[in-house]
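**Q** Same order as they appear, the protein sequences are chains A and B. Letter 83 of the first sequence, counting from 1, is numbered 83 in my numbering, and no numbers are missing. Letter 45 of the second sequence, counting from 1, is numbered 45 in my numbering, and no numbers are missing.
Incorrect hints may appear among the rest.
[To be verified] Computed list of lysine to any residue pairs in SDA-like fashion (alpha-carbon distance at most 25 Å, straight line):
no.	chain 1	residue 1	chain 2	residue 2
1	A	K350	B	S3
2	A	K197	B	D69
3	A	K294	A	G228
[As the list claims (entries may be wrong)] Some chain B residues near chain A, calculated using beta-carbon distances under 10 Å:
no.	residue
4	R10
5	K14
6	Q32
7	Y33
8	E35
9	M48
10	K55
11	G67
12	D69
13	I70
14	T79
15	R83
[Said to hold, decoys possible] With beta-carbon atoms standing in for the labels, derived distance ranges:
no.	chain 1	residue 1	chain 2	residue 2	range
16	A	S77	B	D43	40 to 48 Å
17	B	Q68	A	G228	56 to 64 Å
18	B	K55	A	Q332	39 to 47 Å
19	A	A269	B	D42	24 to 32 Å
20	A	G57	B	E35	47 to 55 Å
21	A	H217	B	E35	16 to 24 Å
22	B	R51	A	G121	48 to 56 Å
23	B	E58	A	L199	42 to 50 Å
In short, the hints are calculated from the structure, not lab data. Using N, Cα and C, we set each Cβ at its ideal position, and we do this for glycine too.
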Amino acid sequence: MVVTSRDEVTGKLVDVDHGLISREVFVSGDIYQQEQEQVFARAWLFIGHEAQIPKPGDYFVSSMGEESVILCRDRESEVHAFLNSCMHRGMKVCRYDEGNTPVFTCPYHGWSFATDGKLVGVPYFKDAYHQELDKSKWGLIEVPQMYNYKGGIWATWDKSAPPFLDYIGGFKLYLDLLMDSWDGSDSGTEVFGGVEKWLVPSNWKFPAENFIGDRYHNISHRSVDMVGIGPSGTGRRDTNERAGSRLLDVSFPERGHGTVMALRPGDAAIPNAYQDLPILAEYFRHCEEEKKRKDAQLWRLLGGPGTVFPNMSYLPRQPRSIAVWHPRGVNQTEVWRWFLVDTKAPQEVKDYLRHYYIRYSGPGGLTEQDDMENWNYAHSASRGVIARRYAYNYEMGLGYGTPNYENDGLKLPGLILDSTEAKAAEQNQRGFYRRWAEFMDAEDWGILANWRNGSGHE
Amino acid sequence: MASSDQAIARLLLKDEVERFLFAEAELLDDRQYEEWLALLDDDIRYWMPMRRNVKFGELEREFTREGQDINWFDEGKDTLMRR
Numbered sequence: 001m002v003v004t005s006r007d008e009v010t011g012k013l014v015d016v017d018h019g020l021i022s023r024e025v026f027v028s029g030d031i032y033q034q035e036q037e038q039v040f041a042r043a044w045l046f047i048g049h050e051a052q053i054p055k056p057g058d059y060f061v062s063s064m065g066e067e068s069v070i071l072c073r074d075r076e077s078e079v080h081a082f083l084n085s086c087m088h089r090g091m092k093v094c095r096y097d098e099g100n101t102p103v104f105t106c107p108y109h110g111w112s113f114a115t116d117g118k119l120v121g122v123p124y125f126k127d128a129y130h131q132e133l134d135k136s137k138w139g140l141i142e143v144p145q146m147y148n149y150k151g152g153i154w155a156t157w158d159k160s161a162p163p164f165l166d167y168i169g170g171f172k173l174y175l176d177l178l179m180d181s182w183d184g185s186d187s188g189t190e191v192f193g194g195v196e197k198w199l200v201p202s203n204w205k206f207p208a209e210n211f212i213g214d215r216y217h218n219i220s221h222r223s224v225d226m227v228g229i230g231p232s233g234t235g236r237r238d239t240n241e242r243a244g245s246r247l248l249d250v251s252f253p254e255r256g257h258g259t260v261m262a263l264r265p266g267d268a269a270i271p272n273a274y275q276d277l278p279i280l281a282e283y284f285r286h287c288e289e290e291k292k293r294k295d296a297q298l299w300r301l302l303g304g305p306g307t308v309f310p311n312m313s314y315l316p317r318q319p320r321s322i323a324v325w326h327p328r329g330v331n332q333t334e335v336w337r338w339f340l341v342d343t344k345a346p347q348e349v350k351d352y353l354r355h356y357y358i359r360y361s362g363p364g365g366l367t368e369q370d371d372m373e374n375w376n377y378a379h380s381a382s383r384g385v386i387a388r389r390y391a392y393n394y395e396m397g398l399g400y401g402t403p404n405y406e407n408d409g410l411k412l413p414g415l416i417l418d419s420t421e422a423k424a425a426e427q428n429q430r431g432f433y434r435r436w437a438e439f440m441d442a443e444d445w446g447i448l449a450n451w452r453n454g455s456g457h458e
Numbered sequence: 001m002a003s004s005d006q007a008i009a010r011l012l013l014k015d016e017v018e019r020f021l022f023a024e025a026e027l028l029d030d031r032q033y034e035e036w037l038a039l040l041d042d043d044i045r046y047w048m049p050m051r052r053n054v055k056f057g058e059l060e061r062e063f064t065r066e067g068q069d070i071n072w073f074d075e076g077k078d079t080l081m082r083r
């Protein structure tokens, strides 16, 4: 299928008003190519955590869409993100995953760039270039906008994109459940060494929509829920913590972000959780008490999986982590997963959580491996010429969200669907694809920053 | 003579190890997981590091560290049993 002009996507391929989304959105090579330009070259993307590059000269090679970027700290401790491609003939100037260096020397012809991106060395500068090459014009390409949000580093290739905090908008309240310390104090997270990286044979949007709010797939994780691998002893890992809570699906369709979470009743007591290890139980109880003391209303929020449009997803509780779904062709996604922990948590707590993260996550994790199977075969069974004729169904809970949600005196931002009785809804997925379609159709950020004119209802 | 006795002992040990591995593979092929688990010591360590592409001379960064970093696997018999 060839999409030739704008305004072809909204309403046609993506018909969220009727809960219908064409499979072409997932399997068409042309659409994939267009989304590199329309989505990945314009949106804010997560590229790493400042804790990965604590010292001058530290670097971590990341990715924005398909493209390799270097996240590094220069000699003055300034953080930068550069396109990892030599200005002379395009070779990757850094072929390593991470490390520390005074300069990035291109392995092809030897142009070298300082950690602030400046071109500092050119072989035969005197003899072959007769000192006429203007080195100041040939530094590494730097992202026009970067933002350090509570340790997480975000960047966009579009200089006209709104500032990061405007891009996130009211979703900040929910993202903070991931980025703040467990006791509710601002920031204070670090990442463990080792970023999990693996390939999944499916389009990147399958995992992005799964994390934005698919409560419907508990059948997939039945075996691991039965076995019980969580920190609270047996059964599903967080049953105790969620007792008596309302389940809320929160969508920001004007921005594309969304999350599912639980809201404890106004009079909830601190539950017994993390019972596997006394020091762990004690740490979490202490943090819960602190958090409740700071803000008893906000304490009621129990964060759940979420996605920041387009391809950063996260789990704010355990296994507390950030995943980025890098597009690697229409039929393939490279998953990267970073694991976060409170910097001030006791070592035993960090050790316990690290083990839990590992046994839950990644291709070898007891829970996450179930998801790989779904995305893999959903994608491959949608590629055929017959399968492509039939749209996917996203009707669940259509029109049941409310923009002015309030419960026991707590007002929450976003379009909120209470799915406690319904158990699941697809509002967040619809919000995601509504936004995706807008990105595919819109000429520029003047149109995309539509929240400035009050848009945002389902 | 002594050295050939040692060589024979080594071969016998190798044979014993091979037979053990074959028996283990057969149990797994036959889905006899309980019997397979019974073969493992209670303090077994099961660890698989992640590999990084690093600069020559920085080989200490090549693998994630056991007991410190995130690894593909880093577990013991308890998790193996649940699997």
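**Q** Any of the earlier hints contradicted here, and which numbers?
**A** 1, 3, 4, 5, 6, 7, 8, 17, 18, 19, 21, 22, 23
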